[in-house]
Amino acid sequence: MSMAKPNLEAREKILAKLRGRELVNCFQCIKCTSGCTALKLLELKPHEIIKLVNLGFVDELPSSDIIWTCVTCLKCVQRCPQKASPYHVIMALRNIAVEKEAKVPEGYLKAVSQILETGLIETPKKIVTRKMETVDRDCLKLPKINPPKENFQAVFTKTMEEK
Amino acid sequence: MDVWLMTRIGVYVCHCGLNIAGVVDVEKVAEYAKGLPDVVVAKHYTYMCSEPGQHMIQDDIEAQNLDRIVIATCSPRMHEETFRRAVAEAGLNPYLTEIVNLREHVSWAHTHEPEKATEKAKALVRMGVAHARLLEPLEKRKVSVEKGVLVVGGGIAGIQTSLDLADAGFKVHLVEKSPSIGGRMSQLDKTFPTLDCSACILTPKMVDVAKHLNITLLTNAEVTNVKGFVGNYEASILKKPTYVDAEKCVGCELCTKVCPVKVPDRFNENLTEKRAISIYSTQAVPKIATINPDYCLRLKYNKGVCGKCQDACEAKAIDFEQKPETVQVKVGGIVLAVGSEVFNASKMAELGYGRFKNVISSIEFERISDASGPTGGKIVSPKDGKTPKTIAFIQCVGSRDKRFHDYCCRVGCMVTLKQAILAREKIHENVRIYVCYVDLRAFGKGYDEFYRSARDKDIDFIAGLPSEIHSAQDGSLCFDVYDKGTNKLLEVHPDLVVLGTGLVPNNDLGNISALFHASRSADGFLLEAHPKLRPLETAMGGVFLAGACQGPKDIPDTVAQASGAAAKAIDLLSSGEIELEPLKAVVDKDSCSGCRICESICPFVAVEMKPEVVDGNERFRAEVIEAMCQGCGLCSSACPTGAIKIQQYSSRQVLTQVQAALTETCTEGGK
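If you read the protein sequences in the order shown, they are chains A and B. Just so you know, we're using the numbering used here here: the first sequence kicks off at 4 and counts up by one. Just so you know, we're using the numbering used here here: the second sequence kicks off at 3 and counts up by one.
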């Protein structure tokens, strides 16, 4: 096993993205991991992410798959006794991953481009009623959804850049 | 008025190691002081409070004939007394010493601005010298003290303090809010780390309190008012009615058998019910019945109904006409031993306390495990009364949690170890025991050995806390917990979950703190005068602290602190008189107009209006009762004619300092 080398500069970059430094207060009570919704699905261990960031072992994190498995249920934010909130760290890591142009799961990229184009997270879909008829918004005489206004894309892109 | 006697002042600047000298250029400050008016000597030294430092001052007083001393050092709260003593030893009146605070007020406050800090230090020294020139010699006052002590709270802390004081010959008034003394400790089953039964070691002490000729026990009572000052307090104690004549009741419990009204049993943490007339607990002291007026039909509704207890009582002790009574006591000192409360775990919704019957707090486990408790000492799950096959203990509930209490409860780990051992001993190998913890703290004498003995007993320690407890469809409990050691997610199905609930400040600690002028620290507990050097006292003279009201504590620490508080009270009161600071208000009778403003605002009732006949007319003049005056200065600020002033802080003395502060700083001194 090779010796791990902390990267304190990269660690500071992550801390700078957070609103406070509560992260360093984590005393590894493991509550976040015990209750993590994504742990059961995809082996995300929030307490490990916190400890890795605190010790500066952060080089692998932005390019790792695990930061993308968080389903943002926010249980860890609610219950962390030290307000160290693994969720915010994971979000910071995701933003760094985008900045570094690391591999981002396709679903996320699709969602972003869809929001840019339509202003919607989900586009309206056709549904099947109880009478087994397939209907869409037009059949139901619902108003048309307008595409976002001109400056929406500019504001949206700027927000992403700033973060 | 700018005429004063020539004085010879010595200025001493302390480095305080690097505490002051690391920021302030002490050499420059001393050099600057040499140029100030009347300064004969100015020196700097590493530690002025040390023996060589004190000698330096004493030698200079003799050799240079100094008559005023200015010491630029730490806060006067720290070493003013030290330097006054040193000055007095050299034959100078100790009140001719002026302390300038260069540490808390300068170096610690302006760590990153050494140059500005040095300028500020010079200004403060200049003000100190200006004040020193006008200091007057004063003598300490002596007042006689009451040789009694008021102890508030009858838990183990109050019991120990009372017994120690009473054995030393002091009269003790022990006030307890509940109908019986004993407090939290009387609710416990066994005690860590020796596993001796709580009742076996506590009950004899409770009886000793009741029997001791020097102790007046006031149960079902509360202190409602406190007046006076160190050595001479006067307290009003409200004795709430018990509706039972304490002289006649023999504790036979015939009344409790006939009373038809059921009431939650507070002693058993509301796990069972008792009757509206009841005895507090099996080992209650005093063992007399008490009627709860909130539930009793006769007291709550009307005089015609029920009265069954009155018919059943052979001793004719029931007295529905009993009224509240106020007792006045005069004491020299007060010991606050009001204890703490247990964290209400229903605030931590994710653990389901209050929603799931089989999730209980650690104090409830004590009652279930105790032989005098609702199950006769058999450990069962409250929901079905069956012996649990799996018990899970969860640590740090309400403590070390920024949402609730930041501090460590200091007893939770040891309580859980003890309860886990008790469960193993009572249910043998038929129970699986999990302890979910963050850090296991076993820090006291014999505590880590106790931890090891728990590990010997096959208890599963899991380094991790569950996030939530939920109930399965069949009503059974379930939680997931990730174990750091094995990197596995465990699914636990406990029949009983015991929450390691911490200790929190009493609900009425706010009232108590206001009543006794005892401040509270950030954690909500009562604040000691100094965390290391004066842990048993409050900042209020003659008011001492014992037990968990000062911070969460286990029994050994509580008893140690209680004996310490008793010793402190004995130290204060044993000689029959105490010395008071001489700084007090004095009245210039000729300028007093008799307006009575000072009398109306004095918080210590230290001003009296005395009649005087002038040119055949009677008029009133203010007079200060020396023993009562605390030198707070309120009267002096309010007096419209300037007739009443505080020694060393007269308008002239203060304004001279202000003038010195406003004089521009110049390197060759403030001439």
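Just so you know, the hints here were simulated from the structure itself, not pulled from any lab data. Just so you know, these numbers come straight off a predicted model, no measurement behind them. One thing to keep in mind: the hints can contain errors.
To be verified - Partial list, computed: chain A residues near chain B (C-beta under 10 Å): (1) N10; (2) G38; (3) L42; (4) K43; (5) W71; (6) K86; (7) Y90.
Stated by the list, open to error - Taking lysine to aspartate or glutamate and the EDC-like style, the derived pairs with C-alpha atoms no more than 16 Å apart in a straight line are: (8) B:K122 with B:E29; (9) B:K490 with A:E46; (10) A:K43 with B:D592; (11) B:K404 with A:E25; (12) B:K486 with A:E46; (13) B:K250 with B:D313; (14) B:K490 with A:E125; (15) A:K78 with B:D482; (16) A:K78 with B:E352; (17) B:K591 with B:E601; (18) A:K43 with B:E470; (19) B:K144 with B:E583; (20) A:K43 with B:D482; (21) B:K428 with B:D460; (22) A:K78 with B:E470; (23) A:K48 with B:D441; (24) A:K147 with A:E125; (25) A:K54 with A:E25; (26) B:K612 with B:E583; (27) A:K86 with B:E493; (28) A:K48 with B:E581; (29) B:K486 with A:E25; (30) A:K43 with B:E614.
Just so it is clear, CB atoms sit at the ideal spot from N, CA and C, and this is done for glycine as well.
Right, here's what the structure says about each hint:
For N10 (chain A), the suggested interface contact is broken, since its CB lies about 24 Å from the closest CB of chain B, more than 10 Å. Taken as an interface hint, G38 (chain A) checks out: its beta carbon lies about 2 Å from the nearest beta carbon of chain B, inside 10 Å. Hint on L42 (chain A) holds. Least Cβ distance to chain B is approximately 7 Å, under the 10 Å limit. Hint status for K43 (chain A) relative to chain B: holds, with the closest Cβ pair at about 7 Å, below 10 Å.
Interface hint status for W71 (chain A): violated, as the beta-carbon distance to the closest one in chain B is roughly 20 Å, over 10 Å. Checking K86 (chain A) against chain B: minimum C-beta separation of about 5 Å stays under 10 Å; hint holds. For Y90 (chain A), the shortest C-beta to C-beta distance to chain B is roughly 13 Å, which exceeds 10 Å, and the interface hint is violated. A hinted pair counts as satisfied when its Cα atoms are at most 16 Å apart, and K122 (chain B) with E29 (chain B) qualifies at roughly 14 Å.
With a C-alpha separation of about 11 Å, the suggested pair K490 (chain B) and E46 (chain A) falls inside the 16 Å cut-off, and the hint holds. Distance hint between K43 (chain A) and D592 (chain B) is unfulfilled; the C-alpha atoms sit about 87 Å from each other, more than 16 Å. Using a Cα cut-off of 16 Å, the hinted pair K404 (chain B) and E25 (chain A) holds, with the two alpha carbons roughly 11 Å apart. Simply put, K486 (chain B) and E46 (chain A) have alpha-carbon atoms about 14 Å apart, close enough for the 16 Å limit, and the pair holds.
Proposed proximity of K250 (chain B) and D313 (chain B) is supported: the alpha carbons are some 15 Å apart, at most 16 Å. Using a Cα cut-off of 16 Å, the hinted pair K490 (chain B) and E125 (chain A) is violated, with the two alpha carbons roughly 37 Å apart. Distance hint between K78 (chain A) and D482 (chain B) is fulfilled; the C-alpha atoms sit about 14 Å from each other, no more than 16 Å. For the hint pairing K78 (chain A) with E352 (chain B), the CA-to-CA distance comes to about 10 Å; that is within 16 Å, so the pair holds.
Simply put, K591 (chain B) and E601 (chain B) have alpha-carbon atoms about 15 Å apart, close enough for the 16 Å limit, and the pair holds. Distance restraint check for K43 (chain A) and E470 (chain B): the Cα-Cα separation of roughly 15 Å lies within the 16 Å cut-off, and the hinted pair is therefore satisfied. Taken as a hint, the K144 (chain B) and E583 (chain B) pair is honoured in the structure, with Cα atoms around 9 Å apart against an allowance of 16 Å. Note on K43 (chain A) and D482 (chain B): the hinted pairing holds, with a Cα-Cα distance of about 10 Å set against a maximum of 16 Å.
Among the hinted pairs, K428 (chain B) with D460 (chain B) is consistent with the structure: their alpha-carbon atoms are about 14 Å apart, no more than 16 Å. For a cut-off of 16 Å, the pair hint linking K78 (chain A) to E470 (chain B) stands: about 10 Å separates their Cα positions. At most 16 Å may separate the alpha-carbon atoms for a hinted pair to count; K48 (chain A) and D441 (chain B) exceed this at roughly 19 Å. Between the alpha carbons of K147 (chain A) and E125 (chain A) the distance comes to roughly 15 Å, so the proposed pair stays at or under 16 Å and holds.
The straight-line distance between the Cα atoms of K54 (chain A) and E25 (chain A) is roughly 13 Å, inside the 16 Å bound, and the hint therefore holds. The straight-line distance between the Cα atoms of K612 (chain B) and E583 (chain B) is roughly 25 Å, outside the 16 Å bound, and the hint therefore fails. Our distance criterion of 16 Å between C-alpha atoms is broken by K86 (chain A) and E493 (chain B), whose separation comes to about 25 Å. Restraint check for K48 (chain A) and E581 (chain B): not satisfied, since their Cα atoms lie roughly 64 Å apart, outside the 16 Å limit.
Pair hint K486 (chain B) plus E25 (chain A) does not hold up; C-alpha atoms about 22 Å apart against a cutoff of 16 Å. Pair hint K43 (chain A) plus E614 (chain B) does not hold up; C-alpha atoms about 90 Å apart against a cutoff of 16 Å.
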